[in-house]
Amino acid sequence: MSQRNPAISKGVDWVLIWLYLALVAIGLLSIFSVTFREGDNVIQSFLGFKTDYSKQFYFFIASITLGLFILLTDSKFFTATANIWYAAGIFLLLLVFPFHTEVKGTESIIRLGPFNLQPAELCKVFVNLALAKYLSRVETDFTTPRSHLIASAIILAPAAITIAQKETGLALVFFAFFLVMFREGFPAGYLIAGFSIGVLVVATLLVDKIILAIVLSAIAVTMIYFMRKQIKRKRRLMLSIIGIWGLSIITIVFVVPFLFTKVLQKHQVERIFSLIGKENPYAKLNTVEGEEPASTTKKDTDYNVRQSKIAIGSGGFGGKGLLKGTQTRFDFVPEQRTDFIFCTIGEGFGFLGCALVLGIYLFLLLRIVNIAERQRSAFSRCYAYGVASVFFFHIAINVCMTIGLAPVIGIPLPFISYGGTSLLTFSTMLFILIRLDADRQMVLR
Amino acid sequence: MALFNQSRSTVVKIIFGGIFLVILIQLLYLQVFSGKYEQLAMDNAVFPKVRYPDRGIIFDRKGRAILNNTIMYDLVVTPSEARQTDTAGLCAILGIDTAEYKKRMLEARFKNGPYRPSIFEDLLTPELHAQLEESIWKFPGFALVERPVRVYPYHAAAHILGYIGEADSTVIRRSKGYYHMGDYTGITGLESYYEQVLMGQRGVQYMIKDNRNRLVGSYEQGRLDTAAVAGRNLHTYLDIELQQLAEKLIAHKVGAIVALDPKTGGILAMTSGPSYDPNNLTGPDKQQNYGHLALDVARPLYNRGIRGQYPAGSTYKPLGALVALEEGLITPASGYDCHGAYFGCNRPVKCMEKWAGHATNLRQAIAWSCNSFFSDILKRTIDNPTYRNPRKGLTQWKEYMTAFGLGHRIGVDLPSENAGNIPDTSQYDKEYRGSWNSCTMTGGGLGIGQDKMTVTPIQMANAICIVANKGYYYIPHFVKSIAGNHSQDTALQNKYLFRHEVLTHISDDLYEVVISGMQDVVDQGTARVAKIPGINICAKTGTAQNKTVLDGKVIELKDNSMFVCFAPRENPVIAIAVVIENGGTGATAAAPIASLMVEKYINDTLRTDRIKEADRIAGLDLMPSYLPRLQYKEDSVRAFQWFKFTKDSSYIRRYLFAHRR
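Line order of the protein sequences matches chains A and B. All you need for the working numbering is the position in the first sequence, starting with 1, plus 756. All you need for the working numbering is the position in the second sequence, starting with 1, plus 10.
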């Protein structure tokens, strides 16, 4: 071992390390600019573990330390133990049910002394490892529907458990792994179908049911008319068109109301409707138990987003400067250290600052994709794609929700949002990737 | 297999790039092109805290402050911080019960929210303030806050100065955003007319507030703040001692006293009876006092000096004489053989004097106020042979009256002045369907200042100034100068600097004749009571009949007592008009008042026996006899309306009881 790996720095992708450090620094600065109060001694409070930026700083130290340990680990360790980790993760998730403590309306947290453990968060790493492991197995033929089913199950099992724990936001993150499967040959048709269903659901919310049904029927009829020659040759085409039409109608009439009254929680439905700017027609029919919106008025639901948009919008082109943002300095945006941290950047540093941060993120994502493509082993490639997908999902949804393009789902911005668990999880994911990449010439199974 | 799907990495990259592009476009829209968010953030976080300037002070002609500023205290509460407060203790000090306490707390929460201070009790009495100051530490969340308030050290000139109050929605709307809810503005009097000068300039302190509306510091280190600029002071012609005397003399009377300086048009004193102490409309009992004043049927808030419209009565006669002289219809030697009435028209006009020879010439006619003589010359003025048409005669006469400043607002620097009335042809046409002649108005008493002619006391005083000045006047006004020169002041003051030479075309000889007649009024005529040794007063008494309708019946009231004068004859420094409603003849009530005013002003003091005279008049109760009945009627009607509105019978009960009895 020692001959092959004389120094831990060998083969390490320094670009990733620098990007990582830059993002953590931006995060620390943002948290600092929210929590810093005039008159505080900066150095003292940074080291004191009293303020949030100080805590985040120590989480960063912990993450780096953990990262070092990961870099010292043999790459084969990850392939060998991937399934064990996954099993442990599922076990932890199930443990939540009897042992959870209710914190802020979620039932996904186990309290261990002073720490809050959220297994769903850790499961991101484990699912990533397990999926990579499954996809890279020699015996896996990822063209068969059977393998598609198994891979989907690996992803969706923890997602389902997480939904049961009323953490829909985190559960959605698991769907990001479909991007990995797509890269590995998952038929695009499935994804397009899934996307179409999404579009159909949104259309149902926006347009009157009857009008939508008429429009869909008209599309079906025109398609049958124009494809009548092909249909003569292939009877099944006719059936599939009618089938899709029927499914769409069922979605509109039954599935969507079911989803909004029986599956999603009231406050989530409110958020979705506040995003598209309509009254929630299902408010009274919703029977899902869970967090009641503080006040069921529409105003309350989009208060966060409105304040967040004001914060970002008021930053202008060049921003107000560090510690000058009134929106973020005086707590107008709720949750601004965690989920709405992007406001701080938007208000303090304006469009330029936002573009810079997004640029760093995009560079990071593209870098990870490039790294993925240079791997010899499929495991490393799948794992890298998993990291990129999860990061991308987090960044896109988080930023979109602060600027009013996505409903408010409580997921953090990687490396920037305040929070020990999320920083540790993202760092772990990244450092495992760096470790695997350092051994990119090896074929891991 | 991996190679087979290599192209899909490009698709993944495109998806990444695409979403980032969408985000960037939205950011570009929000931050660069939308533009509205900056203002929204300002509205969220910056609170413009108004710094109120001190209002300007008003001085009299000797530099004495007749109105000043002082500090009173409001008790304010920040509801969120008041949970630990000793409620019972506070209620005991304020004299309220806990239900009232809770109600006020709720109001405070409702008004400004739980995190911002609202007024709990305003304008504390000095005793209450002292008590609270001692024990305020026991009541967390409560604080005593200074509030500037007007005080009137001389307890005088209420009608002139007016009062200030919170700006209502009309004022706020009209000011185009200058005033805000809760700002003070002049409501009446000089406070209102000179609002622009007195109010000063508000300062703004920009404060940063947090998400709970708490002020947490100054915005941009106070670089955008503006300091409050104190209101500017006014120097007036008022003589506060003369004003005090006037108010003393008009006590228990309904009427008005106006004293002018003929040389400048400056108003030396103006009072309206019944009067009130201006201090009643500041301070803690303001609301209650205002209610009493507003509901009094004697209308103490009404400034009769500029708003009361009275028949001029005989005080008009010097003007009528001047018109006839100037038109060449009579000469100073003209007389009228009066035997107690004028029979020139089918309806006789009675004369007070019956003895023969009281109107052998103009001078005597004025001195003895001969109604026959003046009815005759009015008829001649209307039937002026120059025009050969009573319409033209009347129009010409009205032109003279207009020149004397009658029948239109004179332009005094107080709001809501009344115009009085000088009848013209259209008014007679309307009433008599176009068929009238000179006898219509002569018989009606226009020649002796009645019929359709009404004047305000200030108009009368001003007309006497014109006589004293032999033809010119300055518009009567209070303010001599405004401290600190401003370009905007010229708009306010220019019109008072212009000398209106309205009747200088009448020769001084003619004026002298009339003035001699007016001096005779005091020396040997109707107003001998007004004589002051050493001062030649020129005056004219007036006694105007009047009636009112009460309980559906027309009742004859005692005559209005009127008096106009100027003094001294040689160099007039003061001109006075006095009206005492239902005071009897001009000589009984009005003349002694004017005489005392003249003596006080010219000699700067009163002799001892005259002080007694002043006390006697001050004690004289001439309140019209119909007022109590009128008050009773209005109060009972209001009680009935209150009962209908609220079903609260506590007010109406006493009237019901009285009725049954």
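Mixed in with the good hints there might be a few duds.
As the list claims (entries may be wrong) - What the simulated footprint calls covered on chain A by chain B, stretch by stretch (three residues with Cβ under 8 Å from a Cβ of chain B suffice, anywhere in the stretch; the number is not a length): (1) 1000-1012; (2) 1148-1159; (3) 1178-1184.
As the list claims (entries may be wrong) - So, partial list: chain A residues that the calculated Cβ filter (under 8 Å) puts toward chain B: (4) 830; (5) 959; (6) 1066; (7) 1112; (8) 1119.
By construction, these hints were calculated from the structure, which means they are not laboratory data. C-beta atoms are modelled at their ideal positions from N, C-alpha and C, and glycine is treated no differently.
Which numbered hints are broken by the structure, listed smallest first? 1, 3, 4, 5, 7, 8
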